[in-house]
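Residue numbers (this note's numbering), protein chains in the order written: chain A, 1 to 171; chain B, 172 to 606.
Don't take each hint at face value.
Incomplete in silico selection of chain B near chain A, CB under 8 Å [what the hints assert, rightly or not]:
| no. | residue |
| --- | --- |
| 1 | Pro-266 |
| 2 | Gly-304 |
| 3 | Glu-305 |
| 4 | Thr-307 |
| 5 | Gly-346 |
| 6 | Ile-360 |
| 7 | Trp-380 |
| 8 | Ala-381 |
| 9 | His-427 |
| 10 | Gly-432 |
| 11 | Thr-506 |
| 12 | Gln-511 |
Listed next, the stretches of chain B that the computed footprint assigns to chain A, with coverage defined by at least 3 CB atoms under 8 Å from CB atoms of chain A [as the list claims (entries may be wrong)]:
| no. | segment |
| --- | --- |
| 13 | 331-345 |
| 14 | 416-426 |
Just so you know, these hints were derived from the structure itself, not from any lab. Glycine included, every Cβ here is placed at the ideal spot set by N, Cα and C.
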Amino acid sequence: MSGSAHQAVHDAEYQPVFVGEARAKLEALFPRYPTRQACLLPALWMVQEARGWVSERGIAEVADVLGLTPAYVKGVVTFYTMYHTHPVGRHFIQVCTTSPCNICGAEDVVKAFLQHTGCGELGATSPDGRFTVIEVECLGACGFATPVLIDDDFIEGITPERVPGLLQGYK
Amino acid sequence: MGYPHPSHPGEQPLLSKYFGDPGARSYEGWVKRGGYESLRKALGMTRDQVTEEVKASGLRGRGGAGFPTGLKWSFMPKEVTRPHYLVCNADESEPGTFKDREIMRWTPHQLLEGCAIAAHAIGAERVYIYIRGEFTAEYRILLEAVEEATRAGALGADVFGTGRRIEVIVHRGAGAYICGEETAMMNSIEGKRGNPRIKPPFPAQAGLWACPTTINNVETLGSVPHIIREGGAWYKGLCRGNPKSTGTKLFSVCGHVQRPGNYEVVMGTPMKDLIFGMCGGMRPGRTLKAVIPGGSSVPILTAAEIEDCQLDYEGVAARGSMLGSGGMIVMDDSTDIVYQVMRLARFYAHESCAQCTQCREGTAWTTRILERILAGKGKPEDLELLLDLADNMTGKTICVLSDSCAAPVVSAIAKFRPEFEAYLNRTRPPVLATA
Ligand SMILES: Cc1cc2nc3c(=O)[nH]c(=O)nc-3n(C[C@H](O)[C@H](O)[C@H](O)COP(=O)(O)O)c2cc1C
Ligand code: SF4
Ligand code: FES
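When you get a sec, could you build the whole thing from the sequences and use the hints?
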């Protein structure tokens, strides 16, 4: 897969996240919990926000700053679906297809995203590197079918017709 | 109110009164609307008095299990010899449920006030609000609200000059339905995989970092300031004749109704009033087929079964299902029940934490068998196999996720068997290409 080639490149380029301001931001969290370990999810969020995904090098850095082992951190990272363990497109699109949205036409919304982004299939990144589309389970907005999460933007009431216009906002 | 629709006369908006009103979101705006008066009042009461008031209100947990809130608080040790913690469950991931997000989005201080009152009642100095990772906007709203409230002295080291310390920490999840289960949530806050723990010990004995912990849902905590303000007896009076289910409840109605949304009604309101009155019934030309009344984890009800069904814990139980979280999934006659049951099974298979064999294997096999039925490759014995699997998945695992997968399957086969048989005997064309 092209993913593994990507991975090597990104890993080689990895720059530590927890220096300067970011380090201070993380350390400001320490007093909020009785253990350093409890800062694991927040620290992983910081890595993903800075680098777009959580690589092996990112895992190693988090392990180091929190006094954990990389194997332990990896075990936690892989439990949670929102941490990307491989690079994704510039814009990450998550479409809910669980039953409540499903009965309101969510699968057609997914099809429209796959078509208009050029991703072709779920989980793949479009050739221009712009988009990755996945299906997710219930986003907690079932009354506003179909909700879609594009990066951090939570957008409700998406129909297949709205997809092309929506994508224009994400370059 | 029936957000995003105007309030319906059948509603009694208490928690939802300011949904859609951006002015209610700030500290100042909340105080203008009477906010934080209940916290001041509660701080003038003893821990026991606050708990007794909540007990008297009859409030039951809105997260799904319906456990009496005051009773839960009373399990916390009286003497504070080690830290006590309050955890607010804002993981809202049960399919069909979307009420807590609205509470946080419009009235973050309503939640913070409830958290602070509960923390006082259970002797906690620290509250962790665990919010699901996808709610990025609400996460920021809460962070901002905590900062404002701390600046104003409503939270922090010396709440309103009473010497009481109550800190609120907003902790963001990262995508895992199972972290909504209370002990999985505690593991997740501790920086671990979100695996549920074996109970006992219960959280009040050994919760977060093995310290006494109480965990409550967003809506439960959001109800508390109203109870303290108006009194437990007043709250208990909000019901329709059944004193075991009191207060108002937010019902998230989704699926095939004309006006999906959040409706806040008094417990005991007829389910039909909600679906056909407030939500406007089905789309033109369609008829009601089924309702999953309490989030996806509860047995499915047929249109006939919701006749005369009262929306409260006992009323829905009397029809063989559960009120759960109040997330109602309404399905009209266009719905392929077999396909939707497969989607739900797939949800549980995806979300199983995989600790228990019955759950890990059971949810996966249930999905696979339903997929093969939908692909026209079902075997005559498949329905019995599904029921047998479901039997092995019920009451035998560390948490009830496994049971939650079995409930819709068993009830759908019992109530809509001919639809499954139509796929099995090939009178209905397959809808999945491969199994
Ligand atoms: C698999 C599973 C998922 C759950 N998800 C949630 C949830 O998203 N939100 C919630 O409030 N409770 C959820 N619960 C219920 C909690 O375990 C717990 O009962 C609840 O937060 C207690 O608060 P309450 O007494 O105020 O309802 C879940 C339970 C299980 C077994
Ligand atoms: S029942 Fe399922 S989700 Fe619950 S602890 Fe067991 S494997 Fe995990
Ligand atoms: S099922 Fe789609 S948001 Fe809940």
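Please name the hints from earlier in the document that this structure breaks, with their numbers sorted from lowest to highest.
8
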